[in-house]
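Participant: What follows is each chain in one-letter form.
Protein chains: 2
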Amino acid sequence: MGKTANLDIREREEKYINIQPIQAAGRLTADAMKAIIAYGDGYSTCDLCLKPFRLDFIKKPPIADFYTELAEFVNMDVARVMPGARRAFQAVALALLRRGDIALISSLGHYTLALAIEEAGAEWREIPKNEDNILTAEATAEKIERVKRENGKLPKLIAMHHFDYQYGNEHEIREIIKIGHEYGIPVLYNGAYTIGVMEVDGKKLGADFLVGSGHKSMASPAPTGVLAMDEEWAKVVLRTTDARGDITGRKFGIKEVHLLGCTVMGAPLLGMMASFPHVRERVKHWGEEVKKSNYFIKEMLKIEGTKCLSEYPRRHTLTRVFTGGFDKVAKTHKKGGFFLTKELSKRRITGPFPGATKEWKLNTYGLTWEQVRYTANAFKEIAEAYGLRVE
Amino acid sequence: MGKTANLDIREREEKYINIQPIQAAGRLTADAMKAIIAYGDGYSTCDLCLKPFRLDFIKKPPIADFYTELAEFVNMDVARVMPGARRAFQAVALALLRRGDIALISSLGHYTLALAIEEAGAEWREIPKNEDNILTAEATAEKIERVKRENGKLPKLIAMHHFDYQYGNEHEIREIIKIGHEYGIPVLYNGAYTIGVMEVDGKKLGADFLVGSGHKSMASPAPTGVLAMDEEWAKVVLRTTDARGDITGRKFGIKEVHLLGCTVMGAPLLGMMASFPHVRERVKHWGEEVKKSNYFIKEMLKIEGTKCLSEYPRRHTLTRVFTGGFDKVAKTHKKGGFFLTKELSKRRITGPFPGATKEWKLNTYGLTWEQVRYTANAFKEIAEAYGLRVE
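Residue numbers (our numbering), protein chains in the order written: chain A, 644 to 1034; chain B, 644 to 1034.
Bear in mind the hints are in silico, worked out from the structure with no lab data behind them. Don't take every hint at face value.
Treat identical chains as interchangeable: a pair holds within one or across any two.
Derived pair list, reagent style DSS-like, types lysine-lysine, alpha-carbon separation capped at 25 Å [what the hints assert, rightly or not]: (1) Lys-971 <-> Lys-985; (2) Lys-945 <-> Lys-974; (3) Lys-658 <-> Lys-945; (4) Lys-658 <-> Lys-677; (5) Lys-1001 <-> Lys-977; (6) Lys-977 <-> Lys-694; (7) Lys-702 <-> Lys-989; (8) Lys-796 <-> Lys-847; (9) Lys-978 <-> Lys-702; (10) Lys-978 <-> Lys-694; (11) Lys-985 <-> Lys-703; (12) Lys-974 <-> Lys-1001.
Use the sequences and the hints to build the structure in full.
Facilitator: Pasting the structure below:
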């Protein structure tokens, strides 16, 4: 037997308070854990796949209902589960973009958007952020004009996060969507850090496409994501095939080309479905999560040399901090930055990038008030132990 | 809470002998079950994702080792885990095909290949099967010539199954690969029904690409698949991006464009890894699986009106049968074809398409001899109970 048989048990969530920036809102609910045990087999979802033989028509387990409820949840006409948000970006890019087209992304945008655009044969350009690391409607309009001037054509798509992954800042998403529409450019709302943690209303936003991440923000296994849109765009992005075999004459008329037919079966889908009632409930309590986030950052800022690099007060639970005090300690400590990792680990806290003491990200999503207080105190305790000033 | 909270426990594998055609070789091993429990969270694989920040470089859990061993297992230079075989088809199609190109698939080929080709803007044409439902090198050469004649250009890609999903017949894969190469056309070996159940040697086959399905034939959760190739093709299909942000100057140089970066994280990947030592072992016992398949079909053929529509003797465990006797019974039974479903169910056998009594598929993969005998006897018993002749 090869090395790969030796898999250690992962105990991060059982033994530690985990403030890892992208794991917090993705950790499974107990119901999702139960679901993946019962539906571990890949085709477990397909026992009763009857005519017309497509995942989203399956009634038992209630996948068809789930798809409907998912669309309602984000207030869009149609929703599909995708193998990750990136596969949703890809479907939209391949449906809308042609070779030589230009698409706009944020200068804080995720690399998977850039790859999806590149793979479709198109080019991506960045919309600049302002000095506060915010993407504005003004900057978007300027960039559209610039592309028009320099390339003699308008961008074909704008993809914009509501909250970005680097700072967790809130951007002018509604206004950016409006600007896009003034130019007749469809806008993809990237909700990887919103859908599943806060209420998102696609119609109210006016977005053409909503994309969410299951394993980032919907307490779902990987790889899962959501792609939602209105009926009109569904005709384009969810178009079915009308190709026909030249020999057999067969066609696969029900299959959605840009989804490659069925997308996510088995454990990841059922895990997502099992978490969904909890997700639907938890988005109502986003305000409380933001309160905890602000409390935590406020406490961190009491430590000598700490700055909040994200907008402050916080509107999200994902935050980028600068911890100059800890960095000063790391410079002379024989373990370097790993002294902090180790001190946190001793206190059963994990998540910050191993060895990082300068700029790093954290996420308090889903922690209880007791855990938030404990964690903030732990940082202050470590600071004091190493001679840093704590207010 | 919505309806989707009510998920019944799936007990198919616990309570039944399952001869469902596409589920047999995908059902999880006990080790895979354990792994998905420990690694349920989406980012469970990413705790120690260090520079250069790509899934296949992660050492703990031993993903890097697994990728290496996977390539060795199919004897190719490079292997990648994909979110399903279809996503592997898509990556190859998008890398190799341009608008207006033509690609050849089998007239018994899977719809996902057709969609992947269509999505790349290319067109698919079918290679005809012969009267025995076999794809031959001769038919392939004729089709290539025909495309050349009618379209003034050669196909850009040939995708061919070793064993097809409709009959489980063995096709002239080695010879077809040779023919492709004589014309300078790359050949994708579709091993959805071979990789993970029998020994597959990519170099010996001479294939340009190997594609396998995790949830079909590798005892892995969905969505998982394998894409393997040699170093030369890796430069094309696994090319990294050299695009750069026009504002930020950032690039994502390590990310593979056609894979959209990281592919499958969390439970599906770890489940696949946990099953892998078992898979590597079980391929050595394919001969025994084929023996059981032949025994089972031989017994079925004793029932009045039964024909084996697949090649016979069997070289695979997936078989298409015609059960004219049962169909005769169904015609007058008040439950129609469901009489057979119900009779099997009473005997704790499941898998044949519900209500089907005419043409249907089954798969004996992974059953013990005792289970095979029990299942064959059950069919004969039912036949006798309904007055059919049994030899």
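Participant: Using 25 Å as the alpha carbon limit, work out where Lys-971 and Lys-985 are close: within a copy, between copies, both or neither.
Facilitator: within (16 Å within a copy, 73 Å between copies)
Participant: Can you give me the call for Lys-985 and Lys-703, within, between, both or neither, at a CA distance of at most 25 Å?
Facilitator: For Lys-985 and Lys-703, only the inter-copy Cα distance (18 Å) is at most 25 Å; the intra-copy one is 48 Å.
Participant: Have a look at Lys-945 and Lys-974 and pick one of within, between, both or neither, based on CA distance no larger than 25 Å.
Facilitator: Only inside one copy: Lys-945 and Lys-974 sit 21 Å apart there, 81 Å across copies, limit 25 Å.
Participant: When no copy is specified for Lys-658 and Lys-945, does a C-alpha distance of 25 Å or less occur within a copy, between copies, both, or neither?
Facilitator: For Lys-658 and Lys-945, neither the intra-copy (27 Å) nor the inter-copy (60 Å) Cα distance is at most 25 Å.
Participant: At 25 Å max between alpha carbons, let me know whether Lys-1001 reaches Lys-977 within a copy, between copies, both or neither.
Facilitator: Result: close within a single copy only, 17 Å intra versus 75 Å inter.
Participant: Using 25 Å as the alpha-carbon threshold, which applies to Lys-977 and Lys-694: within, between, both, or neither?
Facilitator: between (66 Å within a copy, 22 Å between copies)
Participant: At 25 Å max between alpha carbons, let me know whether Lys-978 reaches Lys-694 within a copy, between copies, both or neither.
Facilitator: So Lys-978 and Lys-694 pass the 25 Å test across copies only (19 Å; inside, 62 Å).
Participant: Is it within, between, both, or neither for Lys-796 and Lys-847, if the alpha carbons may be no more than 25 Å apart?
Facilitator: neither (29 Å within a copy, 51 Å between copies)
Participant: Within a copy, between copies, both or neither: which one fits Lys-702 and Lys-989 at a CA-CA cutoff of 25 Å?
Facilitator: between (48 Å within a copy, 23 Å between copies)
Participant: With identical chains treated as interchangeable, where does the CA-CA distance between Lys-978 and Lys-702 reach 25 Å or less: within a copy, between copies, both, or neither?
Facilitator: between (56 Å within a copy, 22 Å between copies)
Participant: If the cut is 25 Å between Cα atoms, do Lys-658 and Lys-677 qualify within a copy, between copies, both or neither?
Facilitator: both (20 Å within a copy, 18 Å between copies)
Participant: Please sort Lys-974 with Lys-1001 into within, between, both or neither, judging by C-alpha distance up to 25 Å.
Facilitator: Within one copy only: 11 Å inside a chain, 76 Å across chains, cut-off 25 Å.
Checked against the numbered hints given earlier, this structure breaks hints 3 and 8; the rest are met.
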